[in-house]
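Trainee: With chain E held as given, fit chain F onto it using these hints.
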Amino acid sequence: MNLLSIEATGTTPKILCDADQGLISMEGDSYPENSFEFFKDLLTWVEEYLETLSTPLKLELRLIYLNTSSVKILMDIFDLLEEAHIKERDVQVIWFYDIRNERVVELAEEFKEDCTFPFLIIAAD
Amino acid sequence: MDTSKFDNQHEWIKALIDDPAYGDNPLKPALVQLFQNEKKSRIKLDRLMSLADAFGHLHIETLIADYERLAKRLEKITRISDRYQKNMMDLNQQLQQAAFYDPLTKLPNRRFFLPKLKEENSRSQHEGSPFCLAMLDIDFFKRFNDDFGHEVGDVILCRIAKAISVNTRENDHCARWGGEEFILLLRNTPVLIATGVMERIRKAVNSIDLSDIGEGISSSTSIGLTVCRVGENYNDTIKRADTALLQAKRTGRNRVEIIE
Chain E
1 MNLLSIEATG
11 TTPKILCDAD
21 QGLISMEGDS
31 YPENSFEFFK
41 DLLTWVEEYL
51 ETLSTPLKLE
61 LRLIYLNTSS
71 VKILMDIFDL
81 LEEAHIKERD
91 VQVIWFYDIR
101 NERVVELAEE
111 FKEDCTFPFL
121 IIAAD
Chain F
1 MDTSKFDNQH
11 EWIKALIDDP
21 AYGDNPLKPA
31 LVQLFQNEKK
41 SRIKLDRLMS
51 LADAFGHLHI
61 ETLIADYERL
71 AKRLEKITRI
81 SDRYQKNMMD
91 LNQQLQQAAF
101 YDPLTKLPNR
111 RFFLPKLKEE
121 NSRSQHEGSP
131 FCLAMLDIDF
141 FKRFNDDFGH
151 EVGDVILCRI
161 AKAISVNTRE
171 NDHCARWGGE
181 EFILLLRNTP
191 VLIATGVMER
201 IRKAVNSIDL
211 SDIGEGISSS
221 TSIGLTVCRV
231 GENYNDTIKR
241 ADTALLQAKR
251 TGRNRVEIIE
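Note that the protein sequences, when read in sequence, are chains E and F. Be aware that the first sequence starts at 1, since it is given in the numbering used here, and climbs by one per residue. Be aware that the second sequence starts at 1, since it is given in the numbering used here, and climbs by one per residue.
Keep in mind that the hints are not guaranteed to be accurate.
Below, simulated DSSO-like cross-link-like pairs (lysine-lysine); rule was C-alpha separation at most 30 Å, straight line [said to hold, decoys possible]:
#1 F/239 x F/162
#2 E/72 x F/86
#3 E/14 x E/112
#4 E/14 x E/58
#5 E/112 x E/72
#6 E/87 x F/76
#7 F/72 x E/40
#8 F/76 x E/40
#9 F/118 x F/86
#10 E/87 x F/72
#11 E/72 x F/72
#12 E/58 x F/76
#13 E/14 x F/162
#14 E/72 x E/87
#15 F/76 x E/14
#16 F/14 x E/112
Using C-beta positions, here's what the derived DEER-type ranges look like [claimed, not checked]:
#17 E/44 x F/70: 20 to 26 Å
#18 F/178 x E/118: 51 to 57 Å
#19 E/44 x F/151: 41 to 47 Å
#20 E/36 x F/29: 36 to 42 Å
#21 E/68 x F/126: 44 to 50 Å
#22 F/98 x E/27: 42 to 48 Å
#23 F/18 x E/20: 50 to 56 Å
#24 E/41 x F/86: 28 to 34 Å
#25 F/115 x E/14: 35 to 41 Å
#26 F/54 x E/113: 30 to 36 Å
#27 E/68 x F/106: 31 to 37 Å
#28 F/60 x E/34: 49 to 55 Å
Worth flagging that the hints you see were computed from the coordinates, not collected in a lab. Source: prediction; values computed, not measured. No residue lacks a Cβ here, since even glycine has one placed at the ideal position from N, Cα and C.
So here's chain E without its partners, still in its complex pose (with noise of 0.2 Å):
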């Protein structure tokens, strides 16, 4: 599978996905004029990679503020996951917060609290 990599605007995060490395990373706000669009090959790169690979994946998330549609969309890729790990599948996320704003965990949890797949939510430097 192709390597995913989307560099990083004022309103858009940064967005590496590594097949070899069964890695998807995250970074940065997310506030797309149309999220729907931004989205589009990230959703379609998890979909093939779940669908024609059976190794594991990880999702690595450094997001700070997410707008109403992108958070639409994070839960359609945890869907993803979450069928996948029903299904099985070694899948995981990592959502990694700035100790220095504790409110983003509350928000993590509201994520994570429909997922039974692996969800980890650390403080990072």
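Mentor: Frame of chain E, contents of chain F only:
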């Protein structure tokens, strides 16, 4: 499905089975089998009708379940999004605070104060009623830092700032002007009233309890007070208040010196 358009119940059940909208309905296979074998199995029509009724209801229940699941998801998205919005607002407020307030004493800083002074100067020139400006400087403050260290010096500064702030009238503005300097704008106030206010502040600073820091220690402030002049730029008012402060220092400290 509207049953009134069918001539009989058989036609209605057949239409139900043929309708692609009910393709996933789990009762469909049972209904199809019974319908096809109706005569053979001698099943009574009313039992078939009951099953057909249940068939329709189950589809509606599936739709309701789907709707409820989507509504729950929407509620969650909205709740999370609202939290993000609130966090952003709180962060903005903190940034505002940092931009316009002194982090040590929590008093407004110059950036906050100067526009207020400019505004009051305009008002005064326009309405013809005066405002007063006072400069305050803590007497011998360096001694606190030298004798007790900067951390204790900061504590004393904060107590003095609080005494000034608490005795500032609601419509007036005080700010930390520099290291141990403060400034006070007495809006729409003649000099006689302003003198009374500044005397009160001077006494309040004098009365601060510093016994926990050392025996016999007290604080005091020198104050330079002036009143605005007609047609004057507010920077000149500041300079005159500063000159008055210098005079207060030269003539013994712990006093209010006035230059009108």
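Trainee: Against the earlier hints, flag every one the structure doesn't satisfy and list their numbers going up.
Mentor: 9, 13, 16, 19, 22, 28
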